[in-house]
Amino acid sequence: MSTTTTNPAPTPLHEVVLISHSPIFFWWPVWLVGFLLAALTYLDNQLMAVVPVGTMAERQRTVEGHDEPRDVLVLPQGKPFPVDKATGAIAHPRLRMAASNSPGMIFAVTLCLVIVITNVHMRGLWSVIVVLAIALTTVLFAIFGWWDPILKGFGLIDIHINALGYLSISFFLFAIWLLTYLVYDRRNRMIFSRGQLRVRAAIGSGERVFDTFGMAVEKHRDDVFRHWLLGFGSGDLTVRAAGTNSEQFEVPNVLSVNRKLEMIQRMLQERQVVGG
Numbered sequence: 029m030s031t032t033t034t035n036p037a038p039t040p041l042h043e044v045v046l047i048s049h050s051p052i053f054f055w056w057p058v059w060l061v062g063f064l065l066a067a068l069t070y071l072d073n074q075l076m077a078v079v080p081v082g083t084m085a086e087r088q089r090t091v092e093g094h095d096e097p098r099d100v101l102v103l104p105q106g107k108p109f110p111v112d113k114a115t116g117a118i119a120h121p122r123l124r125m126a127a128s129n130s131p132g133m134i135f136a137v138t139l140c141l142v143i144v145i146t147n148v149h150m151r152g153l154w155s156v157i158v159v160l161a162i163a164l165t166t167v168l169f170a171i172f173g174w175w176d177p178i179l180k181g182f183g184l185i186d187i188h189i190n191a192l193g194y195l196s197i198s199f200f201l202f203a204i205w206l207l208t209y210l211v212y213d214r215r216n217r218m219i220f221s222r223g224q225l226r227v228r229a230a231i232g233s234g235e236r237v238f239d240t241f242g243m244a245v246e247k248h249r250d251d252v253f254r255h256w257l258l259g260f261g262s263g264d265l266t267v268r269a270a271g272t273n274s275e276q277f278e279v280p281n282v283l284s285v286n287r288k289l290e291m292i293q294r295m296l297q298e299r300q301v302v303g304g
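First residue of the sequence shown: 29, per the working numbering; consecutive thereafter.
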């Protein structure tokens, strides 16, 4: 005697919510790298001295009050050290800054790549290869300490940011990113439920309702970097409502777009079966 096992029917879907996220969502690498570089710069335990132009560094000079020779900074005649305006005392070095250009180059390249990726649609294999090559080269040069001699040889670029600079920029971007993701982007949403689509334009402005019969949902071609590298599988959708109340909606930057599109299509198919 044999028993027949049947697979359980899929659980009916109640709602699928589409939220179109702002381009600032893709800026997370900038604040993440900034926080990491702030920590590394602080742990590097180097301080920045603010001195007048013409200051020279001298080795093994005799300093009054010290028994052994010390390395010193010799300021030009008539140009004193900066002073604390509150106390009038010499302002001692206190800002932590890495001696190498590598952290600054990593931050600058990260910022520039994110700006390009979020504003220029990168299509095709060559665009992928070029961007990955730039990112990999930047990191490898920093690991092997090659940025300093290269930039010194050209004499064009010298990028140094102190730990508080990295922290301030990153904290501001993170705060904007978090508020946008949790509050601002959620004002506008599309809610698919069985038989209808509800469109909410803004909080407190009510919503519009469309029948899902004959509705089409189309996914646009992926932008590899923006959607997969920075967006964790996001994508752009176009929703077309049919009937007398027909309208087209563009919904860019939807997270987990493939999963949500599959759920919507299943819901639309169930609607057609029931309606038929």
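The set of hints was computed from the structure by calculation and includes no laboratory data.
Any given hint could be a false lead.
[Claimed, not checked] Below, a list of computed lysine to aspartate or glutamate pairs in the EDC-like style, where the Cα atoms sit at most 20 Å apart:
1) Lys-288 - Glu-43
2) Lys-288 - Asp-250
3) Lys-288 - Glu-246
4) Lys-107 - Glu-86
5) Lys-288 - Glu-278
6) Lys-247 - Asp-186
7) Lys-247 - Glu-43
8) Lys-180 - Asp-213
9) Lys-107 - Asp-95
10) Lys-247 - Asp-264
11) Lys-247 - Glu-275
12) Lys-113 - Glu-86
13) Lys-288 - Asp-176
14) Lys-247 - Glu-290
Please read these numbers as outputs of a predicted model, since none were measured by experiment.
Each hint tested on the structure:
no., hint, verdict
1, Lys-288 - Glu-43, "holds, 10 Å"
2, Lys-288 - Asp-250, "holds, 15 Å"
3, Lys-288 - Glu-246, "holds, 12 Å"
4, Lys-107 - Glu-86, "holds, 17 Å"
5, Lys-288 - Glu-278, "holds, 15 Å"
6, Lys-247 - Asp-186, "violated, 44 Å"
7, Lys-247 - Glu-43, "holds, 19 Å"
8, Lys-180 - Asp-213, "violated, 45 Å"
9, Lys-107 - Asp-95, "violated, 27 Å"
10, Lys-247 - Asp-264, "holds, 6 Å"
11, Lys-247 - Glu-275, "holds, 17 Å"
12, Lys-113 - Glu-86, "violated, 28 Å"
13, Lys-288 - Asp-176, "violated, 47 Å"
14, Lys-247 - Glu-290, "holds, 11 Å"
Violated hints, listed in ascending order, are 6, 8, 9, 12 and 13; each of the other numbered hints is respected by the structure.
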